[in-house]
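K.L.:
Next come the chains, spelled out residue by residue.
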Amino acid sequence: MRRRLQRAKAHLLMGGALAATALLGVGFAGCQGDTEDGITGSTCVSNDEYFAVLFFEEIKETCGSCHISGEGFQKSDFKMVPPSQAGFLDTNMEAIKKIASYEANGKSVILQKPLGELDHGGGKIFDSEEDPRYQKLVTLVDRIKGGESCPNTEARFLAGVQMSGPQETFRKAALTLAARLPTDEEIAAVEKGDWAAVDQLLEQLMDEPAFLKRVKEKYNDVYLTDFYLRNEDFDVIGGSENYNPRWFDEVDVSDVALQKKYGARDQDDLYNKLSGWTARGVAQQSLELIAYTIKNNIPFTNVVTADYIVVNPFSAKAFNITDVEFENDANPDEFVKARLGGYDSDFPHAGNLTDPIWLQRHPTTETNRNRHRAREILYVYMGNDILKAAERPIAIDENSLADNPTMNNDTCTVCHYTLDPVASVWRNFQPTFQNGDDAQFDFRPDADWFLDMFQSGFAGQDMPASQYDKATKWGGQQIANDPGFAFGATFMAYRILTGNEPLSPPQKGTENFDQDLTAFLGQYYTFSKIAHNFREGGYNFKSLMKELVMSPYFRSINTATNIDPAQIDHLTAVGSAHLLTPEQLNRKIENVLGVRWTWDREWQERPFLQSDYKILFGGIDSRDTTTRITSPSGIMSNVAERMGLEAGCRLVNAEFSIPIDQRRFLKNVEMIDEPQDANYRDVPGAIEVIKTDIQYLHQQLLGEKLDINDPEIERTYQLFVDVWKEGKTNVLPTEGGWGFPWACVSERNYVTGEWIPDEQRIEGDEFYTGRAWSAVLAYMLTDYSFLYE
Amino acid sequence: MERRDFIKLCSMTGLSVVAGSTLSGREAKAEEYTGTFFINIAQMGGWDVTSICDPKGCASQAEAEADAPTDAMNRYLTANIRETAGIRYAALSESPRVVGDPNALAGALAMEQFFLDHAARMLVINGIDYETNSHDVGARLSVTGNSNENTAAFGAVAAAALMPTAPMGFVGFGGYIGTGGLTSVTRLGDIDVIKRLAFPYRADPDDPNAVYFNDAQVDMIAKARKARFDAKMGAQKLPKVRTAMNTLYLSRLGQNELKRLVEYLPQEVEDGIAGRIQLASAAYRAGLAVAVSISSDRGWDHHGDVDTNVANSLGSLFNAETGVPRGLAILEEQGMLDKTLLSLTSDFGRTPGYNDGDGKDHWPITSNIFLGGVGGRPIKPGVKGGSNDRHESLEVNPDTGVVQEGSGLTIKAGHVQNALRRLAGVLDSDASRAQPTTQDVNELANLIELS
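If you're matching them up, the sequences are chains A and B in order.
In terms of the numbering used here, the first sequence opens at residue 1 and continues consecutively.
In terms of the numbering used here, the second sequence opens at residue 790 and continues consecutively.
The following block holds chain A by itself, in its conformation from the complex:
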């Protein structure tokens, strides 16, 4: 439906330095079908936005060399944080508000110091009050004192964006989060309940295993603890007397009763199962704690504060944990709470900060001193990419090394001031590396910390000496309490949902700075709002994800047709368009199509996208290849090509191998339905059922609800006819009844799982319709709308 069209002119309230957001007041609306209203513009500039633009234009450069880092930073009472730190605009605005409220002689301190008054360490920054840059500072202080009259809104940044409606949003969320299509019941519920129903269904969606798998995959992209999944290196964890990773070596695997209990075919299979399930429990302990926290609606801060780990029945044996109970002690997917050393142990559990395998995967050294661990935790849980704080060029000479540079040299302290105190959180897990003491997982309650580092603490707060013997617990709580935690979770949730990285703050002087800044601010304020709600709402991860689903950064699907082209430049961050990872694509094939893309035709082997093509399709192995490729190359597009051909042909064969009332997609057509007769005259009845099923395939596979006469339906139908004609004319006469390729032939009913008798299997294709349908499926399964979400 087309609802309204509105155009508003921008009335900028800011000066030339703030021109970056000049076009943001223009707004448009207009929509079709399930599309919601477009976002209309707003000309009202909030105090936050005024500050943000001023920060990038002036404050960061002019004041940052002392008040963000650098000489004088440690002594200054006015401290801001660098843009590498999530939520930096909120944090810095608070710092500005605080300093602006201090007055001397009836005038704000912040307006006096830059003029060289009040003993400003940085001296005189502005020659006079007439300096336009100074005037902007005056305006900022006036605005702060005057209070907020104009809250941040998406309308300031996203004018002209069209967003999906309830049905389309839920379909996209179901595919993205649970790798499946909405059920008929869900579609009916959304039809009836609109957005309220979507909200409820999203909640249920996130209880499904596929969602938690996706969450775990994304966290593993950083943790890389799946490194230990497929090998036996998980026995390397050193330091725990109770750790017995190879407990299964003592099991009598020839015991038939045990083989039966664990569903093993024989003793080798039993051994492999026990070994593999132990590896799964140990390697994925951190990831499972995240899943456990989300699944049970525990405040997400639990992942850094939990006074327990989670174990499955097999990792429990590896950790010699006996005081836990399982509903089914043969189920490797059942994870329960446990404490290392037993219920009463004094081990300082702090969620994933003390996970043995994570500590092992990210080992400390004599000189690294847990900095690597600190960096990763800051990135994952605080959204703070510490190395980005050190992006400006440095000048260094050997004098820089004098007097302990990580504490005293600006080029080093820019990172180490934040990083080193956090590293001390693992002070009880720092081996001495003397006399063979190099165990990464050995709890040392009495360990000293290094005097030549910034001391134990977090975000400017010292760690009390009483906490030294349980530093991880204290550190986990500090992380949980910090506003950055909500940003960190928001960033990770955004990565999980869209596969995209949050925008980095733009750098002044780059070619597209203006557009980049407006795009960044739009996303920043959306994330800031969501992070705030997450914190205020008790850190419920599912609620956080729902808010992201409802945001323009997931729901944007296009712009108004008559949008000003200049406005489009500001919309570079909206919408989600990412190539599915091999894991996601595999789940989509299996859940949406119902077939498996494997080597064997029983579909029992590991899926291609989990084996042969995993790395080539941009995936990682958590070992040597640890960075995903997200933009398709020629090789990657050929992986998709082969998938479309093979999975498509399997699906067509599977469909035609079962009764029409059991089918998922080809609900009207049979293999005998040819579009033309022997004289190439149209057969209306056949054409109708063919087009009806094509229409349904477009809806199910590509998310397109099209009229039967839509050009897209006609294009797909024409492909069917062309391929069929070519096959009838030039393939069938020479192939000798070869029919479907061997690997495509179904041996089981893919809906019920029952064996298909030999005589009922579809091997031939005498009308060439089977392969014409396969071509249609190959065309659709390799389409942008199937391969991307």
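Quick caveat, the hints were computed from the structure, so don't treat them as lab data.
Some clues are possibly wrong.
As the list claims (entries may be wrong) - Within a straight-line C-alpha distance of at most 30 Å, the following computed DSS-like cross-link-like pairs (lysine-lysine) qualify:
#1 A:LYS691 - B:LYS1021
#2 A:LYS295 - A:LYS75
#3 A:LYS172 - B:LYS1015
#4 B:LYS1015 - A:LYS728
#5 A:LYS172 - A:LYS295
Starting from the structure of chain A, add chain B where the hints point.
P.N.:
Just chain B, lined up with the frame of chain A:
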């Protein structure tokens, strides 16, 4: 959309796209690339340059002892620094900690052997100031010449400029492989798998008759796909979605050319760096690849016991069976050495002297090593740039890059990248202009020269 606008758009959205003439909408058919093949091997983690090609040594035997004071640059005598064909390299095999560790000693000796074998045709650039001690920035800067995010590695610039339609112009086995939206990155792996992907329409890649669809039918699918793409692109305005749709569509152009790769694949892929060079060179010889980025197998972030650890890393990098020497041998066997330019880089260097753990920390001054040639002409061997006895950059002649105190100019990563781009003939390309380095292209114009 104009090509430049498209590149700009892609850069803004942070998404990559296959670049070149395809950007102007032509249905380009990939040509065979026969120009220079560029290989970069990145020693990630901060390779200690003094352990290889900018050694300083120490003045006395007392300083060389394992427990000597920590301000010595190295644990071997300056007088014992090796030199072959004018290239000086470390006497790491004399460091007491290395001597006492058989594996480390073997690694140090492997490095020395590499210089003995190849120094005569090697260009070393010392004293390069990366102006960073951040791993991420250094890894990026070392191959882009620009510290900004989303900048393009040299391999991406070269691939986009020299063969924009190549389906695998830039092969990535690690290291910084950002493309800045100019092209995409390709991974290669198991030979049988590559065959299947080179012939996706064959059920059996070795049997040309076992096809899912014949050529006419394949064309029908492609035609329908193109018509749908045009319709969808015409209706879509969100930059991120448009870029993604374009990227997918363009990645398919030239996919048939992958078949040529199969003709050049080896029977078996060797291990380590050598195997990666082997696969990438097959792609090059098939006319499909322009550049490859390879990351060394071992980390170089040796904050502790640096001599032993570096020597172990060197043992992997210069392993005669699996490392760079074997890779060069493969290229020589294939007659490719003079048209292959191989570079060894790091994300930065390491501090002068040792820390309390006998390690070395982050330091922005580093070195690059180049071997091979361009367009059939070998590079001019020797040493450019330099550092003082505490690894601070020395000033250089603004034209040649030879040390010249008082010039006011030190070598930066951008200079090296500009020189590479100039040698490759891409300095004036759209791709290069879209992804500028941070240095003036007119400075150090002869930093890397041909013989």
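K.L.:
It remains to establish, for every hint, whether it holds in the given structure.
P.N.:
Evaluation of the provided hints:
1. A:LYS691 - B:LYS1021: Measuring from Cα to Cα gives roughly 20 Å; hence the hint holds.
2. A:LYS295 - A:LYS75: violated, 46 Å
3. A:LYS172 - B:LYS1015: Holds, at roughly 25 Å.
4. B:LYS1015 - A:LYS728: holds, 24 Å
5. A:LYS172 - A:LYS295: With a Cα-Cα distance of about 21 Å, the restraint between A:LYS172 and A:LYS295 holds, given a limit of 30 Å.
Consistency note: the structure conflicts with earlier hint 2 alone.
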